[in-house]
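Q: Sequence:
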Amino acid sequence: MIVRAAAACALLALALAAPAGRVAAEMRDQPAAAALALAPDGGGVRLEVRFTGPAPATRAVFTLDDPPRAVIDLPETDWRGLAPPPPAGLARSVRLGLAAPGRSRIVIDLDGPALPAASVAGDTLTVSLQRVERRRFATAAGWPEGLGPVAAAEPPAPLIVVDPGHGGADPGASGGGALEKDVVLGVARAMADALRAKGFRVAMTREDDSFVPLDARRALARATDADALISIHADAAPQRTLSGASVYTLSQAASDAAAEALARRENAADPTYAALEPDVAAMLESLAAPRTAARSRALGAALLEGLAEIGPTLPARPLRAAAFVVLRGAETPSALVELGYLSNPDDAARLTDPVWAEQAGRALAAAAAGWARAALPPIFRAGDPVLPD
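Numbering of the sequence shown is given in the working numbering, commencing with residue 1095 and proceeding in unit increments.
The set of hints was computed from the structure by calculation and includes no laboratory data.
Please note: incorrect hints may appear among the correct ones.
Lysine to aspartate or glutamate pairs mimicking DMTMM-like chemistry, simulated, CA-CA at most 25 Å apart [stated by the list, open to error]:
1. Lys1292 x Asp1319
2. Lys1292 x Glu1452
3. Lys1292 x Asp1302
4. Lys1292 x Asp1203
5. Lys1292 x Glu1170
With beta-carbon atoms standing in for the labels, derived distance ranges [unchecked claim]:
6. Gly1136 x Ala1234: 17 to 25 Å
7. Gly1240 x Gly1206: 23 to 31 Å
8. Ala1215 x Pro1332: 53 to 61 Å
9. Arg1186 x Ala1234: 37 to 45 Å
10. Val1449 x Val1155: 53 to 61 Å
11. Pro1243 x Pro1406: 53 to 61 Å
12. Gly1196 x Glu1142: 18 to 26 Å
13. Asp1135 x Arg1229: 19 to 27 Å
14. Asp1264 x Asp1217: 18 to 26 Å
15. Arg1229 x Ala1133: 22 to 30 Å
C-beta: ideal position from N, C-alpha, C; glycine also.
Construct the complete structure from the given sequences, taking the supplied hints into account.
A: Written as structure tokens, this is what we have:
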């Protein structure tokens, strides 16, 4: 028990030792926005930003002209998962982003002259804007001392970690004359190629027949500050009639007995984690933030839709949840794909077909790209010096 407790402490320390870059706000003292609302307020408009903890104090509140905008600077904030609100009142649009390292920015595009007033109460930042005369607005507009236009910079493309399961001495499931480790590597390569063709950055946990510990797979997602981790697998079952793809996300309480059994098999592939006790597993999962869990479920649903376009899915509950070690960690939305059952003759024939493997890779890439467009922060208008492109 002492050895297991020490291992638990070591694993928790590793999970908390997040690298520099865009890591989850829950893993450091960075504010994280949870909701954004824009509504008319008398003759003006009110923007409310709710945070997961105490709302941060503003660093600067000012206006710019030609075109008219209100600008609110904050400490570096995690905006991920938030969509811009629809126009309301005098606010034509709201944009969010990183203006400089350590400084985030809200830009409210206005349809005319208005002056902002910002206040913080508990977990909410409120910005009220009221119309003013043109002359008064023009007098007030301008960059505060020490600030100035942001040089345009190409935003980094989203980074997806593609994880072909098993490898090396761990063959995974088998059937139809094939090994899981080989089947999933082919699909993963096709997926990575398709993602790169769409402009994404990709990191693969393995690119050959080598064994990679589960924690090293998760650590790659942390070290690269990935936007998502997608683990690709194939299954086998005593019941040869079981057929179809499924997708899993992280949950300490499994969605059903079959999901729980699958998680036990996958976790047992790495002896480091095979003997973890329930309390250790619960401590690891406690690092997963609710917002990350919601994004993971959305990612899983998108991947399942993509797979349904190229083959059958499990007839009952194809989107499931269980305590997969490779998915644990707060900072990266993650999902585990089961392409089908090698123990089923029809599935095995499909999974071992190189043409289908290419189709599966492209389908998963398209699904991940669609999820990224909806879940990741918007790209800001080109040529705007207030926020980088």
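Q: Now tell me, hint by hint, if it's right for this structure.
A: Results of checking the hints against the structure:
1. Lys1292 x Asp1319: Given pair Lys1292, Asp1319 holds - Cα atoms ~19 Å apart, limit 25 Å.
2. Lys1292 x Glu1452: 15 Å, holds
3. Lys1292 x Asp1302: With Cα atoms ~23 Å apart, Lys1292 and Asp1302 stay inside 25 Å; holds.
4. Lys1292 x Asp1203: 30 Å, violated
5. Lys1292 x Glu1170: Violated: Lys1292 and Glu1170 sit about 29 Å apart, past 25 Å.
6. Gly1136 x Ala1234: 17 to 25 Å: Holds - the Cβ-Cβ distance for Gly1136 and Ala1234, about 20 Å, lies within 17 to 25 Å.
7. Gly1240 x Gly1206: 23 to 31 Å: 28 Å, holds
8. Ala1215 x Pro1332: 53 to 61 Å: Between Ala1215 and Pro1332, where Cβ atoms are some 59 Å apart, the hint holds.
9. Arg1186 x Ala1234: 37 to 45 Å: Violated - the Cβ-Cβ distance for Arg1186 and Ala1234, about 19 Å, lies outside 37 to 45 Å.
10. Val1449 x Val1155: 53 to 61 Å: Holds: the Cβ-Cβ distance is about 58 Å, inside 53 to 61 Å.
11. Pro1243 x Pro1406: 53 to 61 Å: Since the Cβ atoms of Pro1243 and Pro1406 sit about 54 Å apart, the hinted range of 53 to 61 Å holds.
12. Gly1196 x Glu1142: 18 to 26 Å: Cβ of Gly1196 to Cβ of Glu1142: about 24 Å, so the range 18 to 26 Å holds.
13. Asp1135 x Arg1229: 19 to 27 Å: Given a distance of about 23 Å, which is inside 19 to 27 Å, the answer is holds.
14. Asp1264 x Asp1217: 18 to 26 Å: 45 Å, violated
15. Arg1229 x Ala1133: 22 to 30 Å: 28 Å, holds
The structure shown violates the earlier hints numbered 4, 5, 9, 14.
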